[in-house]
Amino acid sequence: MNITHGLRRALQVNPNGLAIVCGERRRNWREVGDRVARLAAAIRALGALDGDRVAILSLNSDRYLELYLAVGWAGAVIVPLNIRWSPLENEDALRDCRATILFVDKAFAPVGAALAGAIPGLKLVYADEGETPAGMENYETLIARSAPMADAMRSRDDLAGIFYTGGTTGRSKGVMLSHGNLMANALNALGEGLWPSSTIYLHAAPMFHLANGAAMYSVLLSGGSNVVIQGFTPDGVAAAVQKERITDVLLVPTMIQMFVDHPTLGNYDLSSLKRISYGASVISDAVLMRAMKALPHVEFTQAYGMTELSPIATLLHWKEHIGDGRAKGRHRGAGRATLGAEVKIVDAEDKVVPTGTVGEIAVRGDMVMMGYWERPEETARAVIDGWMHTGDGGYMDEDGFVYVVDRVKDMIISGGENVYSAEVENALAQHAAVAQCAVIGIPSERWGEQVHAVVVMKGGASATPEELMEHCKALIAGYKCPRSVDITATPLPLSGAGKILKRELRKPYWENRERRVS
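For the sequence shown, position 147 (counting from the first letter as 1) is numbered 147 according to full-length UniProt numbering, and the numbering increases by one without interruption.
Think of the hints as simulated: they come from the structure by calculation, not from any bench.
One thing to keep in mind: the hints can contain errors.
[Claimed, not checked] EDC-like cross-link-like pairs, simulated, lysine to aspartate or glutamate; straight-line CA separation at most 16 angstroms: (1) Lys507 to Asp410; (2) Lys328 to Asp397; (3) Lys344 to Asp410; (4) Lys502 to Asp486; (5) Lys106 to Glu129; (6) Lys274 to Glu299; (7) Lys409 to Glu378; (8) Lys106 to Glu140; (9) Lys507 to Asp486; (10) Lys502 to Asp385; (11) Lys319 to Glu299; (12) Lys123 to Glu91; (13) Lys274 to Glu244; (14) Lys123 to Asp235; (15) Lys502 to Asp397; (16) Lys344 to Asp385; (17) Lys319 to Asp399; (18) Lys328 to Asp285; (19) Lys458 to Glu504; (20) Lys123 to Glu137; (21) Lys351 to Asp385; (22) Lys319 to Glu192; (23) Lys344 to Glu299; (24) Lys328 to Glu398; (25) Lys409 to Asp347; (26) Lys243 to Glu91; (27) Lys106 to Glu137; (28) Lys106 to Glu131; (29) Lys293 to Asp261.
Let's have the full structure, built from the sequences with the hints guiding it.
Structure below.
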């Protein structure tokens, strides 16, 4: 099974069913299928052959969803770029995967032009309304002038997408997911009861994020409908729910907090909303309770996973948020393995630990990534005998429920975004005044975790916290930049091997907390 299977099925069994709504544009599956086949032909005509990489840098739109399908239909590999990254970070990703085509919308057309100027041979396609910038092809013109092509019919083992994530070494790495990986995730979600045929799914979280993008494959297989808004705002989500009778939406905990705390929420009819799925970071009890009180008719489902798992490994269903499940504290956990996943907890020697003992969470199944793009050593360290070692510390209870309590890898999750400390430290270290620095996550009511830096200055040098934060903004995405900086004259604590003891730096902020992650 490949990622275009759902579209072929929809064309056969539900051609007139509502496929995609975006603003005033409404299309059925027959219309979407025709556009996808024509767009795929255009992608081939632009020079993308089987396995070539085609990137997209854009806010959410119906065209983004079409590209998820058309690139695969053409036999190429989709590379969704992070809209919150700096131009330098996206240039690095494009060079790394050697993308040949980049689709951009109006918001990112200037960035696209700069990237094309920096990367010889990169072709640009403008996928938005209004005048097409010089040097770019027009998305709608390409569709109109291209005859539909037959599905390239890539196999389940072929590469479908490269999804960039942060790196512990300070450079982003591309997670390679096959057609089979993405379809395994889609079927696992459906097998758990998510997104039945009656689903009207709202794409509000960024579509470059696999959690939101991959949901489209499940909804497509089930026969549901997709509604797309450009990006998350509380009013935007509420208005879409009211107008389109949305049943399902995926939000990160920070978005849930903003949504339920919004002062005008009560002005909207949200009665159609059946489920909010959440993930990317742990939700606090306080936020969850406020959400359940504000939306008493809505079920909440937590998904735990990572890009390398396509992305879902475990689910915590609604029944565990209430009643007996809540009494047992299961609402604080990450749920149980999905139907196609296996989970184990291992020690430093990769041996399974006893029930209730904290170790590293490892996952096996058909959704485990092919590997990291052109990084065989990192792949070998992460995937051992088919088991993806997540870098998350946790334990499993006697009923198979998984609880995440810490991170083995040096990563912060802030507002649902992964931030690798090494990336931030590399940026800080480029400041002329910095002698030593360490970046850690500290508790934040709004963001879950907040990026915090501890800096030692060079002798005779000085800089303010504000100057250091501004320095970082020129080099890395804004969400990765420190939100707070401590400047200290005391050398940072080191291990016997000379490594900074970050646990010692984190300790004062996380004392008396059940989890050492948020």
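Checked hints:
Our distance criterion of 16 angstroms between C-alpha atoms is met by lysine 507 and aspartate 410, whose separation comes to about 15 angstroms. With a C-alpha separation of about 11 angstroms, the suggested pairing of lysine 328 with aspartate 397 holds against the 16 angstroms cut-off. This hinted pair does not check out: lysine 344 and aspartate 410 have alpha carbons roughly 21 angstroms apart, beyond 16 angstroms. Between lysine 502 and aspartate 486 the alpha-carbon distance is near 14 angstroms, which keeps this suggested pair within the 16 angstroms criterion.
A threshold of 16 angstroms between alpha carbons decides the hint, and for lysine 106 with glutamate 129 the separation of about 8 angstroms falls inside it, so the pair holds. Between lysine 274 and glutamate 299, the direct Cα distance comes to roughly 6 angstroms. Compliance with the 16 angstroms bound is thereby established for this hinted pair. Between lysine 409 and glutamate 378, the direct Cα distance comes to roughly 13 angstroms. Compliance with the 16 angstroms bound is thereby established for this hinted pair. With a C-alpha separation of about 14 angstroms, the suggested pair lysine 106 and glutamate 140 falls inside the 16 angstroms cut-off, and the hint holds.
Between lysine 507 and aspartate 486 the CA atoms are separated by roughly 15 angstroms; this keeps the pair inside 16 angstroms, and the hint holds. About 30 angstroms separates the Cα atoms of lysine 502 and aspartate 385, which puts this hinted pair outside 16 angstroms; it is violated. At most 16 angstroms may separate the alpha-carbon atoms for a hinted pair to count; lysine 319 and glutamate 299 meet this at roughly 9 angstroms. Of the pairs offered as hints, the one joining lysine 123 and glutamate 91 holds, with about 14 angstroms between alpha carbons and a cut-off of 16 angstroms not exceeded.
Straight-line distance between C-alpha atoms of lysine 274 and glutamate 244 comes to about 13 angstroms, which keeps the hinted pair within the 16 angstroms bound. Distance restraint check for lysine 123 and aspartate 235: the Cα-Cα separation of roughly 36 angstroms exceeds the 16 angstroms cut-off, and the hinted pair is therefore not satisfied. A distance of roughly 28 angstroms separates the Cα atoms of lysine 502 and aspartate 397; the hinted pair therefore is violated under the 16 angstroms criterion. Restraint check for lysine 344 and aspartate 385: the C-alpha separation of about 13 angstroms stays at or below 16 angstroms, so the hint holds.
Restraint check: the Cα-Cα separation between lysine 319 and aspartate 399 comes to about 15 angstroms, which is no more than 16 angstroms; the hinted pair holds. Note on lysine 328 and aspartate 285: the hinted pairing holds, with a Cα-Cα distance of about 14 angstroms set against a maximum of 16 angstroms. Of the supplied pair hints, the one linking lysine 458 and glutamate 504 is violated, its CA atoms being roughly 22 angstroms apart against a limit of 16 angstroms. Distance restraint check for lysine 123 and glutamate 137: the Cα-Cα separation of roughly 8 angstroms lies within the 16 angstroms cut-off, and the hinted pair is therefore satisfied.
Under the criterion of a C-alpha separation no larger than 16 angstroms, the hint pairing lysine 351 with aspartate 385 is consistent with the structure, at around 13 angstroms. With a C-alpha separation of about 13 angstroms, the suggested pair lysine 319 and glutamate 192 falls inside the 16 angstroms cut-off, and the hint holds. This hinted pair does not check out: lysine 344 and glutamate 299 have alpha carbons roughly 28 angstroms apart, beyond 16 angstroms. Taken as a hint, the lysine 328 and glutamate 398 pair is honoured in the structure, with Cα atoms around 12 angstroms apart against an allowance of 16 angstroms.
For a cut-off of 16 angstroms, the pair hint linking lysine 409 to aspartate 347 stands: about 14 angstroms separates their Cα positions. This hinted pair does not check out: lysine 243 and glutamate 91 have alpha carbons roughly 39 angstroms apart, beyond 16 angstroms. With a C-alpha separation of about 13 angstroms, the suggested pairing of lysine 106 with glutamate 137 holds against the 16 angstroms cut-off. Between lysine 106 and glutamate 131 the alpha-carbon distance is near 9 angstroms, which keeps this suggested pair within the 16 angstroms criterion.
For the hint linking lysine 293 to aspartate 261, the alpha-carbon distance of about 11 angstroms falls within 16 angstroms, and the restraint holds.
In summary, the structure is inconsistent with hints 3, 10, 14, 15, 19, 23 and 26 from the numbered list given earlier, while agreeing with the others.
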